[in-house]
Each structure stands twice: as C-alpha cells, then as structure tokens.
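Trainee: So the chains spell out like this:
Protein chains: 4
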Amino acid sequence: MKALVNLQVIPIGTGVSVSAYIAACGAILEEAGLETELHANGTNIEGEWDRVFEAIKRCHERVHEMGAPRIQTLVSVGTRTDKEQSLKDKVESVRRRTRE
Amino acid sequence: MKALVNLQVIPIGTGVSVSAYIAACGAILEEAGLETELHANGTNIEGEWDRVFEAIKRCHERVHEMGAPRIQTLVSVGTRTDKEQSLKDKVESVRRRTRE
Amino acid sequence: MKALVNLQVIPIGTGVSVSAYIAACGAILEEAGLETELHANGTNIEGEWDRVFEAIKRCHERVHEMGAPRIQTLVSVGTRTDKEQSLKDKVESVRRRTRE
Amino acid sequence: MKALVNLQVIPIGTGVSVSAYIAACGAILEEAGLETELHANGTNIEGEWDRVFEAIKRCHERVHEMGAPRIQTLVSVGTRTDKEQSLKDKVESVRRRTRE
Numbered sequence: 002m003k004a005l006v007n008l009q010v011i012p013i014g015t016g017v018s019v020s021a022y023i024a025a026c027g028a029i030l031e032e033a034g035l036e037t038e039l040h041a042n043g044t045n046i047e048g049e050w051d052r053v054f055e056a057i058k059r060c061h062e063r064v065h066e067m068g069a070p071r072i073q074t075l076v077s078v079g080t081r082t083d084k085e086q087s088l089k090d091k092v093e094s095v096r097r098r099t100r101e
Numbered sequence: 002m003k004a005l006v007n008l009q010v011i012p013i014g015t016g017v018s019v020s021a022y023i024a025a026c027g028a029i030l031e032e033a034g035l036e037t038e039l040h041a042n043g044t045n046i047e048g049e050w051d052r053v054f055e056a057i058k059r060c061h062e063r064v065h066e067m068g069a070p071r072i073q074t075l076v077s078v079g080t081r082t083d084k085e086q087s088l089k090d091k092v093e094s095v096r097r098r099t100r101e
Numbered sequence: 002m003k004a005l006v007n008l009q010v011i012p013i014g015t016g017v018s019v020s021a022y023i024a025a026c027g028a029i030l031e032e033a034g035l036e037t038e039l040h041a042n043g044t045n046i047e048g049e050w051d052r053v054f055e056a057i058k059r060c061h062e063r064v065h066e067m068g069a070p071r072i073q074t075l076v077s078v079g080t081r082t083d084k085e086q087s088l089k090d091k092v093e094s095v096r097r098r099t100r101e
Numbered sequence: 002m003k004a005l006v007n008l009q010v011i012p013i014g015t016g017v018s019v020s021a022y023i024a025a026c027g028a029i030l031e032e033a034g035l036e037t038e039l040h041a042n043g044t045n046i047e048g049e050w051d052r053v054f055e056a057i058k059r060c061h062e063r064v065h066e067m068g069a070p071r072i073q074t075l076v077s078v079g080t081r082t083d084k085e086q087s088l089k090d091k092v093e094s095v096r097r098r099t100r101e
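Protein chains in written order, with my numbering: chain V, 2 to 101; chain A, 2 to 101; chain E, 2 to 101; chain D, 2 to 101.
Possibly wrong hints are sitting among the right ones.
When chains are identical, the list treats them as one kind, so a pair holds in a single copy or across two.
[What the hints assert, rightly or not] Below, simulated SDA-like cross-link-like pairs (lysine to any residue); rule was C-alpha separation at most 20 Å, straight line:
(1) Lys-89 - His-65
(2) Lys-89 - Arg-63
(3) Lys-3 - Glu-85
(4) Lys-89 - Glu-49
No wet-lab data here; the hints were simulated from the structure.
If you're wondering where the values come from, they're calculated on a predicted model, not measured in any experiment.
So here's chain V without its partners, still in its complex pose (with noise of 0.2 Å):
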C-alpha cells in the first residue's frame, strides 16, 4: 500500500530554533530511499507505508538521541485505491484545475 505522506516533526522542551532536528530527520528519510520533499511546514513522503512509518520511528529515535525530551509529530498520510497518484500528481491536478 502506496502512502502520501505530511510530516511535521514538533520538538518540545528544547530551544526555539529546530531545523537541526528537521534536517536530521531528512537525512533519515533519504537513507529510507523514500522520495520527499521539504516545504514550510513539513516533508511530504511518498513510498510504501512500512517503509514511511519505519523512517518515522527511526526520526523520532533520532531526535530524542539528540537531546529533545519530547516530541509531539503531524502525520497526514493518504491511499487510495481508484488509481496510482505521486506527489507530483496531486500538485498537477490542482494546478490544472486552477488554469480552468
């Protein structure tokens, strides 16, 4: 099963700034072999779900190893069965909506 995915990692009990934390969870998801892509307010994921969700623990693993006692994470995670659709798809078939 095919997942889509947001994620938005939320580090808690640390300082203010946490793109260290992001970025290390970036890494974790381009060892996956997951294709992503990182936006203002999360990464959005495409891969099979296990694979998604086991780069999700191995993230919030990652964190904690690196200091942040707590963790609060946004997961927005999409299938379907009607047809294959990419991260891309979903953009194009806005964008084509939009120059209707």
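Since chain V is already given, all that's left is putting chains A, E and D on it; use the hints.
Mentor: Frame of chain V, contents of chains A, E and D only:
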C-alpha cells in the same frame, strides 16, 4: 518507545456519514490490545509505537475493503523520554492546573 | 456556520511540561462561552466559526504572553450543511455502529 | 500577529477527486492577498492571523456552495514572537542545516 496518538480517519469518495468506518477502525484497535478513547474528533490511542502503527495500517486496509476508494488520515503522535505518561495522566495534568 | 474543532496547542522553546498553557487556553475557551471537552490530545470545541477562531487567536496571544516564544497549533475543523451535529452526536454515532 | 499556516481541506461525501475544491480555495486565498505555496499535501499560507482565518472560512463556505455537504480541514498554524519568519525562511533554515 511508547506512543500517545490521536487518530482521525477521513474516508473520501463515499457517503457523508463516516461512522461505520470509524467503528471498524475501533474494532481493529481493540483487537490489537491497545488502550483507546473515542472522542468527537478522533480516537486517542496508547501503546507501543510498532503496535499502534501496525493497527493504523490495518485500519486503512479495512476501510478500503469496506469500499472507500480514498482515505486521508490525521495522526498526531507524541513520544517522550523524560517520564512515563498515559492518556489519563495528560488529562489529569491539565485538570490540576485548571483547579489552581 | 457551526464548527466542530479539535485544538492541539504546542508551545515551543519552553519547558517540557505544557499543561499550564493548555489550562490557560481552556479558560479562554470557557470565557468565550464555547462548549469544550478536554481529552488527552487536545480540546474539542463546538461553536460558531467566528467565535471559535477568535478564541483560538486569543489563546495564541495568551500563550505568548505567558512566555512561549513560539507556538505550533493543530486545528482539525469540521463543518457540514446536511444536518446539525454536536460533539456528543459524533461520538454517539460511532458508538451506535459499534454496538451493531 | 503573523501566522504561517498549512491548510489541508478535505471534502467528504463527494467524489474521489477533490482538486476542483482545492483550486477554488486557492483562488480565495489569492484574492485575499495572501502569499501561498501549493504543495502535495496542502497549501502553505503566510499572512496576518485575521486575514488568513477569514480566507479559510470563505474557503469552507465556497466548498459547501460547490456541493460538498461536509468538510474536514486540517490547519497547522505557527506564530512566534522571537523573530520575523517567512515561509521561505523556514525552508532555508532547514536547508542550511542539511548542508552543514
């Protein structure tokens, strides 16, 4: 790693009522031996990370089998290393502050 | 337009305990005359759209005043035109299916 | 108070394709003079709190007018008092860490 989760499953491309799908997911979470609390905007879940996310995956599979061609699910997941905390502890912690 | 909301406020750059901030937001929601239900991963809110979002804004302002330099808040908001539905109705609708 | 938002609008009780609704919301955000960035799991928005949430309300009203009887929307909103930050700043801040 223990996870405290809010799960909100949103079937797309079906009828306006989604309660049958939510009830089916509830049954899957129960079978998995997870502690759950149904509320008006989702289901709170307490359990080991792997067991929780395996159950969420089965929930997606089941909702597709029931006929929903597309699902968008919102997962808010918290982990912490500073102390053990249950779903009940989180609510009680706020209630204590409210009474102060 | 009536809105049913789950509100999860996450202060960043403060200590690991966030319950004092959540309690302060709870007081603001009460003062606004909104129906609320605290749960382990947020607060469910029922009310008119404008009143709900005005209260959420005041909550952000208050949490900043209390010393949090940064806040990330998750709002899941539902509206519908096919029927009136309360927070209680949503839970009861799933419970009914579960008993079937 | 400036807000950086990710908006994910999910129409329920309609067809499996939701791109027409997302495009309509995009037009409303543009008309409101807000800076936006469409991505695969939502639209990032930068602007004054009141203007952003007024536009999100109009988006719900418009999607109902287009025929969706039910909408569930996910809003992730960030505010901060320690410094001014734009959507572009947030991405650049993580990219800088990634290059280190």
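Trainee: Evaluate each hint against the coordinates.
Mentor: Tested hints:
1. Lys-89 - His-65: neither (32 Å within a copy, 23 Å between copies)
2. Lys-89 - Arg-63: neither (29 Å within a copy, 26 Å between copies)
3. Lys-3 - Glu-85: Within one copy, since 8 Å is at most 20 Å while 33 Å is not.
4. Lys-89 - Glu-49: Close inside one copy (16 Å), not across copies (29 Å); limit 20 Å.
In this structure, the earlier hints numbered 1, 2 are contradicted, and the remaining ones agree with it.
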